[in-house]
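Engineer: Turn these sequences into a full structure, and let the hints guide you.
The residues making up each chain are set out below.
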Amino acid sequence: MNSHLDIKILLIEDNPNDAELAKVKLAEVGGSFSYELFHVELLSEALVFLQESSVDVILLDLSLPDAQGDESVHALQKNFSQIPIVILSGSKESSLILRIVQEGVQDYIGKNRVDGELLAHAIRYSIERKKSERALLNSKAETERLLASISYVLIGVSEHDEVIQWNLTAEKFFGRTASEMLGTSFCQCGIQWDWQKVVQGILQCSEEGTPVHLHELWYLNGNGKKGFFDITLTRMHGHVEESRGFLILANDISERKQLEIELSLAKKMESIGQLAAGIAHEINTPTQFVSDNLRFLQDSFCAIQTVLTTYDQLFQTVEAGQTNSPFVDAIKRTLAEADLEFMKEEIPKALKQSLDGANRVSNIVRAMKDFSHPGTEEKKPIDLNRAIESTAIVARNEWKYVADMVTDLDPALPLVPCQAGEFNQVILNLLINGAHTINDVISQTEGDKGKITISTRVEGEWVEVRIADTGTGISEAVRDKIFDPFFTTKEVGKGTGQGLAIAHDIIVNKHGGTLTFETELGKGTTFVIRLPLQRTHVC
Amino acid sequence: MKRRILFVDDEANLLEGLKRMLRPLRHEWEMEFVGNGAAALECLDRSNWDVVVSDVRMPSMNGVELLNKIKNQHPHTVRLLLSGQADTEVIMDAIGPAHQYLSKPCDAELLKTTISRACALGDLLQDEKIKQLVSQIETIPSLPSLYLELEEELQSCDSSLGRAAAIMSKDVGMTAKILKLVNSAFLGIQQTVTDPVQAVRYLGLDTIKTLVLTIKVFQQLDQSGSVGFDMQHFWHHSLSTGEQARKIAKEERAPQPVVEAALAGGLLHDVGMLLLLTYFPQRYQETLKLLANGECSLMEAEQETFGATHAEVGAYLLGLWGIPIPIIEALAFHHCPAKSLVQTLTPLIAVHIANGLIEEKDLQPLEGNSPCLDLAFLIELGLDDRLQNWRELL
Ligand SMILES: Nc1ncnc2c1ncn2[C@@H]1O[C@H](COP(=O)(O)OP(=O)(O)O)[C@@H](O)[C@H]1O
Ligand SMILES: [Fe+2]
Ligand SMILES: [Fe+2]
Ligand SMILES: [Mg+2]
Numbered sequence: 001m002n003s004h005l006d007i008k009i010l011l012i013e014d015n016p017n018d019a020e021l022a023k024v025k026l027a028e029v030g031g032s033f034s035y036e037l038f039h040v041e042l043l044s045e046a047l048v049f050l051q052e053s054s055v056d057v058i059l060l061d062l063s064l065p066d067a068q069g070d071e072s073v074h075a076l077q078k079n080f081s082q083i084p085i086v087i088l089s090g091s092k093e094s095s096l097i098l099r100i101v102q103e104g105v106q107d108y109i110g111k112n113r114v115d116g117e118l119l120a121h122a123i124r125y126s127i128e129r130k131k132s133e134r135a136l137l138n139s140k141a142e143t144e145r146l147l148a149s150i151s152y153v154l155i156g157v158s159e160h161d162e163v164i165q166w167n168l169t170a171e172k173f174f175g176r177t178a179s180e181m182l183g184t185s186f187c188q189c190g191i192q193w194d195w196q197k198v199v200q201g202i203l204q205c206s207e208e209g210t211p212v213h214l215h216e217l218w219y220l221n222g223n224g225k226k227g228f229f230d231i232t233l234t235r236m237h238g239h240v241e242e243s244r245g246f247l248i249l250a251n252d253i254s255e256r257k258q259l260e261i262e263l264s265l266a267k268k269m270e271s272i273g274q275l276a277a278g279i280a281h282e283i284n285t286p287t288q289f290v291s292d293n294l295r296f297l298q299d300s301f302c303a304i305q306t307v308l309t310t311y312d313q314l315f316q317t318v319e320a321g322q323t324n325s326p327f328v329d330a331i332k333r334t335l336a337e338a339d340l341e342f343m344k345e346e347i348p349k350a351l352k353q354s355l356d357g358a359n360r361v362s363n364i365v366r367a368m369k370d371f372s373h374p375g376t377e378e379k380k381p382i383d384l385n386r387a388i389e390s391t392a393i394v395a396r397n398e399w400k401y402v403a404d405m406v407t408d409l410d411p412a413l414p415l416v417p418c419q420a421g422e423f424n425q426v427i428l429n430l431l432i433n434g435a436h437t438i439n440d441v442i443s444q445t446e447g448d449k450g451k452i453t454i455s456t457r458v459e460g461e462w463v464e465v466r467i468a469d470t471g472t473g474i475s476e477a478v479r480d481k482i483f484d485p486f487f488t489t490k491e492v493g494k495g496t497g498q499g500l501a502i503a504h505d506i507i508v509n510k511h512g513g514t515l516t517f518e519t520e521l522g523k524g525t526t527f528v529i530r531l532p533l534q535r536t537h538v539c
Numbered sequence: 001m002k003r004r005i006l007f008v009d010d011e012a013n014l015l016e017g018l019k020r021m022l023r024p025l026r027h028e029w030e031m032e033f034v035g036n037g038a039a040a041l042e043c044l045d046r047s048n049w050d051v052v053v054s055d056v057r058m059p060s061m062n063g064v065e066l067l068n069k070i071k072n073q074h075p076h077t078v079r080l081l082l083s084g085q086a087d088t089e090v091i092m093d094a095i096g097p098a099h100q101y102l103s104k105p106c107d108a109e110l111l112k113t114t115i116s117r118a119c120a121l122g123d124l125l126q127d128e129k130i131k132q133l134v135s136q137i138e139t140i141p142s143l144p145s146l147y148l149e150l151e152e153e154l155q156s157c158d159s160s161l162g163r164a165a166a167i168m169s170k171d172v173g174m175t176a177k178i179l180k181l182v183n184s185a186f187l188g189i190q191q192t193v194t195d196p197v198q199a200v201r202y203l204g205l206d207t208i209k210t211l212v213l214t215i216k217v218f219q220q221l222d223q224s225g226s227v228g229f230d231m232q233h234f235w236h237h238s239l240s241t242g243e244q245a246r247k248i249a250k251e252e253r254a255p256q257p258v259v260e261a262a263l264a265g266g267l268l269h270d271v272g273m274l275l276l277l278t279y280f281p282q283r284y285q286e287t288l289k290l291l292a293n294g295e296c297s298l299m300e301a302e303q304e305t306f307g308a309t310h311a312e313v314g315a316y317l318l319g320l321w322g323i324p325i326p327i328i329e330a331l332a333f334h335h336c337p338a339k340s341l342v343q344t345l346t347p348l349i350a351v352h353i354a355n356g357l358i359e360e361k362d363l364q365p366l367e368g369n370s371p372c373l374d375l376a377f378l379i380e381l382g383l384d385d386r387l388q389n390w391r392e393l394l
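Chains as they are written, first to last, in the working numbering: chain R, 1 to 539; chain Z, 1 to 394.
There may be inaccurate statements among the hints.
Result set (SDA-like, lysine to any residue): computed pairs, CA atoms no more than 25 Å apart in a straight line [stated by the list, open to error]:
(1) R:Lys451 / Z:Pro59
(2) R:Lys451 / R:Thr407
(3) Z:Lys131 / Z:Ser116
(4) Z:Lys339 / Z:Arg386
(5) Z:Lys112 / R:Ile283
(6) R:Lys490 / Z:Pro59
(7) R:Lys352 / Z:Arg3
(8) R:Lys226 / R:Ala178
(9) R:Lys344 / Z:Glu32
(10) R:Lys369 / R:Asp404
(11) Z:Lys2 / R:Glu341
(12) R:Lys352 / Z:Glu286
(13) Z:Lys19 / R:Thr287
(14) Z:Lys69 / R:Gln444
(15) Z:Lys112 / R:Leu351
(16) Z:Lys69 / R:Glu446
(17) Z:Lys19 / R:Lys490
(18) R:Lys494 / Z:Pro59
(19) Z:Lys112 / Z:Arg3
(20) Z:Lys19 / R:Glu345
(21) R:Lys349 / Z:Ala12
(22) R:Lys349 / Z:Val34
(23) Z:Lys112 / R:Asp299
(24) Z:Lys19 / R:Glu337
(25) R:Lys490 / Z:Arg57
(26) Z:Lys19 / R:Leu294
(27) R:Lys451 / Z:Ala12
(28) Z:Lys112 / R:Ala178
(29) R:Lys344 / Z:Pro24
(30) R:Lys449 / Z:Arg3
(31) R:Lys400 / Z:Arg57
(32) R:Lys449 / Z:Ser116
(33) R:Lys172 / R:Gly224
(34) R:Lys449 / Z:Ala38
(35) R:Lys400 / Z:Asn36
(36) Z:Lys69 / R:Asp440
(37) Z:Lys19 / R:Gly224
(38) R:Lys449 / Z:Ala39
(39) R:Lys349 / Z:Asn36
(40) R:Lys449 / Z:Asp10
Hints in this document: simulated from the structure, not taken from any laboratory.
Here the structure is a predicted model, which means the values were calculated and not measured.
Structural biologist: Here is the structure:
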């Protein structure tokens with residue numbers, strides 16, 4: 001009988017008696033145990049044989065002419081690690097056997113005890129065992145590949161603060177390789193993120209034993225760039241000590257956060273659409289008083305017309321030669337009713353204020369057009385004074401309740417090459433910051449309105465725009481942070497920490513200018529924009 | 001006596017415009033115009049004002065803060081907001097302290113009539129007899145907080161039925177009551193409704209809000225224990241009047257807010273009776289005795305014993321709470337609509353007619369046998385020929 005289901009056995013044995021014994025014993029085994037046996041006498045022969053044919057199991061004698069002790073095992077394992085090995089050993093080799101078994105040999109049988117059933121059992125068993133061992137190895141490799149490939153940062157930390165896992169994503173984010181990191185102390189590993197939160201999380205996790213989620217935790221990546229993680233901390237309950245500790249799984253949410261911020265920005269008001277509510281307010285108020293005044297003028301005209309008609313009648317009777325006209329009394333009555341004094345006084349004012357109101361509306365409309373500047377990516381020479389005025393008008397509702405505005409704009413200012421829309425954005429951001437800080441002062445002191453002063457002038461090859469507020473000033477502690485993206489000292493919903501970062505990007509990177517500030521606590525802050533007059537300065 | 005109206009706005013031009021536009025009313029109204037909240041409060045401290053009309057956004061003290069202060073310090077002054085704000089957040093905040101909200105630009109006629117109606121409410125709030133009567137009540141019932149919560153939900157730009165239902169469900173007893181109502185074919189709903197979300201969906205947030213207000217107020221002032229007063233009957237009368245007033249408003253194709261206010265006015269129109277009964281039980285028993293003698297109407301009997309009527313007292317309470325003016329009007333004048341300034345089919349007219357028709361049909365009218373409908377007034381408004389139609393709605 002010889003089918004492909006037979007177990008193929010390679011017997012490596014130089015002693016003919018021992019070889020014969022094994023063959024006989026195997027032949028004795030009955031039942032479902034069908035096999036095919038190949039026999040070689042030397043390790044070298046075995047290696048050659050295995051190059052060409054595959055077997056399911058190796059029966060190995062430990063003392064071969066060309067290999068002593070575990071040499072043969074090593075050689076076989078090195079080249080054919082997938083084949084299980086069963087040792088046929090002499091009794092004197094017991095300590096060696098123990099070591100070899102630890103090194104991964106599947107089983108051994110004492111030559112003096114060789115018995116068919118036992119041998120068959122050992123063979124079957126070792127084949128099975130090898131299979132599951134391989135499966136295990138496979139799955140471990142797979143797990144490792146998986147861990148390496150997931151886009152989450154995965155860091156394992158042992159109970160003794162030792163880094164025991166550091167996946168590829170972690171390498172990518174922090175710019176440190178696993179080989180650098182494994183075995184080092186986690187707390188001193190030098191990565192930069194919100195350690196306070198992380199440590200608190202770990203403490204909480206170890207106390208409660210349940211996973212802890214940390215949201216929007218900042219980190220600096222290998223290049224020092226700021227981003228945000230959502231983190232899950234899980235306790236590992238390994239059976240062996242080395243696998244106890246914490247798993248840190250970090251999901252990079254910087255992009256999402258950026259989107260959120262843009263969304264909340266969109267909700268807030270940093271462009272024309274977003275200023276809409278304020279602009280509507282600015283338009284509704286003059287509309288109200290213009291139409292009230294028109295209503296008054298209409299009423300007045302009616303009254304005046306009645307007076308005129310009566311006068312006309314009087315005139316006609318007088319002209320007709322009547323000296324004692326009945327219309328004299330009528331005139332008296334009409335005049336008394338007509339409220340003429342009030343009208344005389346108020347009509348000119350009503351007209352003037354109506355014109356003012358209409359002007360205000362048309363100014364806002366013009367400023368809106370100026371401000372939005374759709375689709376002008378390229379730099380064109382623009383009138384900064386006018387841009388500043390338009391932006392101030394469009395944003396008026398944002399500052400007028402807390403501040404008066406003073407402008408000192410150099411009328412001789414030359415045109416400056418500029419992306420108008422972007423420049424307006426900068427002015428808007430600075431104005432809104434000014435309004436916010438003044439509001440802080442006012443609400444603390446219940447004081448009067450503050451002041452925002454905007455001035456422009458030429459300084460050699462530069463144009464300088466200064467926006468000064470009478471706000472709180474910027475404390476020393478945050479002075480070097482205010483231009484960082486996301487840095488804000490304001491409550492959620494009011495501040496996003498984007499305003500100055502955007503302004504800096506626009507002025508410095510897009511226009512080759514500078515954006516600096518002078519500040520004094522309790523007095524206020526002045527932001528200074530400098531833009532190069534020459535096109536050539538612009539990068 | 002001239003009405004006294006105080007205008008507050010930080011925009012001087014706007015105040016001047018108003019001053020000129022309202023000049024023709026100078027014989028009826030005494031008007032003052034001030035530029036900020038502090039000045040307004042000073043005026044209020046110095047003398048009595050019927051109505052305050054305030055801007056919303058102003059430096060230092062905004063209009064909502066101002067009206068809140070006025071609500072506490074001068075509860076008898078009617079509070080209106082006139083704002084250019086498109087910002088719903090502020091509008092929402094304003095609901096609490098303001099009796100009515102107007103947006104700029106506001107048409108001159110609308111402004112005038114709104115102020116006139118506010119003055120009529122002011123009369124009520126300033127009425128010495130009622131004030132005196134109410135001042136004897138130790139703690140005036142407060143506006144149910146659940147109602148305020150629903151109101152806020154309703155005003156928020158992303159109001160949701162689910163959230164409203166959740167708010168409502170906080171009060172189990174009330175929710176059960178509303179479900180029972182809905183399932184009794186109230187307001188013509190045929191479906192069986194088992195959960196609050198469904199109830200909110202079928203009725204709509206406005207109606208739910210009104211029901212919550214009614215049920216909570218009736219609970220606070222429950223009179224089932226008092227002798228000579230049939231709380232069950234009262235409850236039925238209120239429900240039918242509300243339902244009927246709503247039907248009439250609908251039938252006349254009134255705008256949705258009027259339909260909703262007609263329901264609210266109808267449900268609450270007699271709430272003053274509960275107030276008087278709760279706080280003056282003995283004196284109200286005398287009133288009921290006068291009524292039982294059959295010589296006068298309930299209104300006359302109340303006038304005799306209290307110097308004020310349930311219509312006025314109920315309207316007064318809702319006025320203090322800042323419930324919208326059309327509803328208060330409906331309460332105040334539900335027996336004498338001619339005294340109001342109303343010319344068209346407002347919630348008041350709907351409630352007056354509904355109450356009249358229901359009393360007419362009732363074998364034991366709540367307020368005795370004297371006729372309720374003011375036919376002369378209906379004829380004046382040209383509505384008399386619709387009566388038969390409305391009867392058929394019953
Ligand atoms: N004019 C100013 N006065 C005082 N502090 C300011 C001023 N402008 C900016 N800051 C500070 O800088 C921070 C960052 O400003 P910005 O980038 O505009 O973001 P945001 O205004 O959203 O907070 C502010 O939170 C504030 O602490
Ligand atoms: Fe009544
Ligand atoms: Fe009634
Ligand atoms: Mg900012």
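Engineer: Could you run down the list of hints and mark each one as holding or not?
Structural biologist: Taking the hints in turn, this is what the structure says about them:
no.: 1; hint: R:Lys451 / Z:Pro59; verdict: holds, 13 Å
no.: 2; hint: R:Lys451 / R:Thr407; verdict: holds, 10 Å
no.: 3; hint: Z:Lys131 / Z:Ser116; verdict: holds, 21 Å
no.: 4; hint: Z:Lys339 / Z:Arg386; verdict: holds, 21 Å
no.: 5; hint: Z:Lys112 / R:Ile283; verdict: holds, 22 Å
no.: 6; hint: R:Lys490 / Z:Pro59; verdict: holds, 21 Å
no.: 7; hint: R:Lys352 / Z:Arg3; verdict: violated, 30 Å
no.: 8; hint: R:Lys226 / R:Ala178; verdict: holds, 22 Å
no.: 9; hint: R:Lys344 / Z:Glu32; verdict: holds, 21 Å
no.: 10; hint: R:Lys369 / R:Asp404; verdict: holds, 24 Å
no.: 11; hint: Z:Lys2 / R:Glu341; verdict: holds, 23 Å
no.: 12; hint: R:Lys352 / Z:Glu286; verdict: violated, 65 Å
no.: 13; hint: Z:Lys19 / R:Thr287; verdict: holds, 15 Å
no.: 14; hint: Z:Lys69 / R:Gln444; verdict: holds, 20 Å
no.: 15; hint: Z:Lys112 / R:Leu351; verdict: holds, 22 Å
no.: 16; hint: Z:Lys69 / R:Glu446; verdict: holds, 17 Å
no.: 17; hint: Z:Lys19 / R:Lys490; verdict: violated, 41 Å
no.: 18; hint: R:Lys494 / Z:Pro59; verdict: holds, 18 Å
no.: 19; hint: Z:Lys112 / Z:Arg3; verdict: holds, 13 Å
no.: 20; hint: Z:Lys19 / R:Glu345; verdict: holds, 13 Å
no.: 21; hint: R:Lys349 / Z:Ala12; verdict: holds, 12 Å
no.: 22; hint: R:Lys349 / Z:Val34; verdict: holds, 18 Å
no.: 23; hint: Z:Lys112 / R:Asp299; verdict: holds, 15 Å
no.: 24; hint: Z:Lys19 / R:Glu337; verdict: holds, 18 Å
no.: 25; hint: R:Lys490 / Z:Arg57; verdict: holds, 22 Å
no.: 26; hint: Z:Lys19 / R:Leu294; verdict: holds, 12 Å
no.: 27; hint: R:Lys451 / Z:Ala12; verdict: holds, 20 Å
no.: 28; hint: Z:Lys112 / R:Ala178; verdict: violated, 78 Å
no.: 29; hint: R:Lys344 / Z:Pro24; verdict: holds, 15 Å
no.: 30; hint: R:Lys449 / Z:Arg3; verdict: violated, 34 Å
no.: 31; hint: R:Lys400 / Z:Arg57; verdict: holds, 10 Å
no.: 32; hint: R:Lys449 / Z:Ser116; verdict: violated, 36 Å
no.: 33; hint: R:Lys172 / R:Gly224; verdict: holds, 13 Å
no.: 34; hint: R:Lys449 / Z:Ala38; verdict: holds, 15 Å
no.: 35; hint: R:Lys400 / Z:Asn36; verdict: holds, 14 Å
no.: 36; hint: Z:Lys69 / R:Asp440; verdict: holds, 23 Å
no.: 37; hint: Z:Lys19 / R:Gly224; verdict: violated, 63 Å
no.: 38; hint: R:Lys449 / Z:Ala39; verdict: holds, 17 Å
no.: 39; hint: R:Lys349 / Z:Asn36; verdict: holds, 22 Å
no.: 40; hint: R:Lys449 / Z:Asp10; verdict: holds, 13 Å
In the structure shown, a violation is registered for the earlier hints numbered 7, 12, 17, 28, 30, 32, 37, in ascending order.
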